[in-house]
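These protein sequences, in sequence, are chains A and B.
In short: position in the first sequence from 1, add 732, done, that's my numbering.
In short: position in the second sequence from 1, add 73, done, that's my numbering.
Don't take each hint at face value.
[To be verified] Restricting the straight-line Cα-Cα distance to at most 27 Å, the calculated cross-link-like pairs of lysine-lysine (DSS-like) are:
1) B:Lys183 to A:Lys852
2) B:Lys183 to B:Lys219
3) A:Lys923 to B:Lys219
[What the hints assert, rightly or not] Every beta carbon over 10 Å from chain B, so not counted as near; a handful from chain A, in silico:
4) Gly838
5) Met844
6) Ala845
7) Ile877
Think of the hints as simulated: they come from the structure by calculation, not from any bench.
Don't be surprised by glycine CBs; every beta carbon is placed ideally from N, CA and C.
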Amino acid sequence: MNKNIFRKTVSERLRPTVVYCVGILAYMLMLTAVYPTYRKLLTAKSELLKNYPKGLLQLFGVKSINASSFSNYITLELFGFIWIIIIAAFVIAFARNMVSGELHEGTLELLMAQPVPRWKILTSEGAAMLAGIVSFVVVTVVGIIAFGSAFASSAGMSYAGFAAFLPVGICLALAIAGYSVLFSVLIDDPKLVVMTSVGLTLFFYVLHFAGVFSKIVNKVDWFGIFHYWDPMGVIEKGSVPLKSVLILLAFAAVGFSLAIWAFQRKDIK
Amino acid sequence: MAGASEQGVALTSKVISTESLTKLYGRVVGVKDLDLEVEEGEVFGFLGPNGAGKTTTIRLLMGLMRPSTGSARVMGLDAWKDSVAVKEKVGYLPGDAALYEKMTGEAHVKFVASFCRDASQVETAGYDLASLLELELERKVHGYSKGMKQKLAIVLALMKKPPLIIMDEPTNALDPLTQKVLYDILNERREEGATILFSSHNLPEVERIANRVGIVRKGTLVGTERIEDLRGMRLRNVEVIFEGDVPADLDLERVPGVSGVERLGNRLQLKLRGDINPLLKIVARYDVADFSVSHASLEDVFLEFYKLEPPGDLASAGNPVPPAEGGGDE
Chain A
733 MNKNIFRKTV SERLRPTVVY CVGILAYMLM LTAVYPTYRK LLTAKSELLK
783 NYPKGLLQLF GVKSINASSF SNYITLELFG FIWIIIIAAF VIAFARNMVS
833 GELHEGTLEL LMAQPVPRWK ILTSEGAAML AGIVSFVVVT VVGIIAFGSA
883 FASSAGMSYA GFAAFLPVGI CLALAIAGYS VLFSVLIDDP KLVVMTSVGL
933 TLFFYVLHFA GVFSKIVNKV DWFGIFHYWD PMGVIEKGSV PLKSVLILLA
983 FAAVGFSLAI WAFQRKDIK
Chain B
74 MAGASEQGVA LTSKVISTES LTKLYGRVVG VKDLDLEVEE GEVFGFLGPN
124 GAGKTTTIRL LMGLMRPSTG SARVMGLDAW KDSVAVKEKV GYLPGDAALY
174 EKMTGEAHVK FVASFCRDAS QVETAGYDLA SLLELELERK VHGYSKGMKQ
224 KLAIVLALMK KPPLIIMDEP TNALDPLTQK VLYDILNERR EEGATILFSS
274 HNLPEVERIA NRVGIVRKGT LVGTERIEDL RGMRLRNVEV IFEGDVPADL
324 DLERVPGVSG VERLGNRLQL KLRGDINPLL KIVARYDVAD FSVSHASLED
374 VFLEFYKLEP PGDLASAGNP VPPAEGGGDE
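Pulled out of the complex, with its shape left as it was, chain A reads as follows (with noise of 0.2 Å):
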């Protein structure tokens, strides 16, 4: 790694990290600030959640329709979908920027005049991003757990649940750098990377959507990176998945050892 280039790369990525931290924060803060009246209103909304499809409970990581706790209400509410939506668009336009987007822009040939081997301005890029998905999945931790006891209620609050969600969040959002990246190599134009990149992770998210439906696709969703994607059940148990973890460390790798692999040989026109 070369701390120069890691160094630029955070500076230039501070103000998106911040407002996408923020912006999180904000989102945390509205649903607990919606719990109380939630909370009123959860006999009504469990006899209404009894009456949706299995499948769609499941899909959204709802295996018991118990929202009696703060963590289990922002579990559900938070790490189904809206979660997903905002670290997946954090990490593709990180990873847009990378190599594609400096490409585009231009900044690529100037870095590349530096007496840098291609793989450590890679690896630096890299761990710049690693350490802005280490800041946004702890922000959102510490929020759930600091919105939950200042706000809402501290009692049947997961704090072990929490710690084990944090790599397991981690090690999600960097499957998703692992591809993207490889994109952001291969592709010259940064649009068509983002749309590469948006269409993978829905074709995986669609996948564990439909393996939920249907038995034949079920036995193909190993392939994609939802299936190892529980938050409730990490939450709820307390432990990391070692097993999940460890799948969703190498997508992340071979996408990584691909991407260095391609920019080891691509030509910088």
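Given the coordinates of chain A, work out where chain B should sit on it, guided by the hints.
Below, chain B without anything else, positioned relative to chain A:
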């Protein structure tokens, strides 16, 4: 830097050498079978129209692109395989240099200097260069004009005082006064022993600062010549205006060195290489209203020397330019 070619230059070893260097973009030719040698201490002007292959060649030398076939060596190192070592020895100015818009000029200087072993010295040299070029480093780049961006890119390329300077269209967007400052800086660097390769389509610029020139057309190096040798060819443009139409019996075929004859009413235009007296003797037999002679430009000399058609024919010459994302002026 006028007179660089007249000054003695100690040529000792090859700083740049390419052998059958070829870069293809699919079926499109970037450069083909390019054999180029630049000696230590030379100022080599790489001349050619847009799309000729100058930027492609420079990117191959900088290890930004891998040759399809052939090889490029810079200071004895393979430009692709040893590109990191090459970049330690080269100050590179890209064509249409792009910079980080949200960073200040000063942050750029610090960033590039941080890659050097003697970072603080390089940084100081950067500030000195910026001062010479009258560039404000405190502002963010998005507030810079095109000329200011070019000045900053020049500072970044030269501040580590590299033994080899490679510049792609260095005077792009620079006003004449700044061009003069740049020529002086390059002259100083050459006197300190640096080798300079720069591309240009600006012929007076090449004549002014280079001591050897290579012309590239359609991806091929047409030839390389010393500037003095080209000037020594004494190619002139001659225009004669007769009192009446150009005489039909005017026999120019007997005049040695005449070429490119054009007759337009009472106006005769031609190029003449060598002694002018035989032409004067023949023309003097007729009533002449006006007679003017001018020294041909380097381009004319080159076109004449290599018997080339004038540029501007590239698009129709079966040499499609590289794809749009090829960047640069190529």
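A quick look at each hint next to the structure:
| no. | hint | result |
| --- | --- | --- |
| 1 | B:Lys183 to A:Lys852 | holds, 19 Å |
| 2 | B:Lys183 to B:Lys219 | holds, 21 Å |
| 3 | A:Lys923 to B:Lys219 | holds, 26 Å |
| 4 | Gly838 | violated, 3 Å |
| 5 | Met844 | violated, 6 Å |
| 6 | Ala845 | violated, 4 Å |
| 7 | Ile877 | holds, 34 Å |
Figure legend: structure checked against the earlier numbered hints; hints not met, in rising order: 4, 5 and 6.
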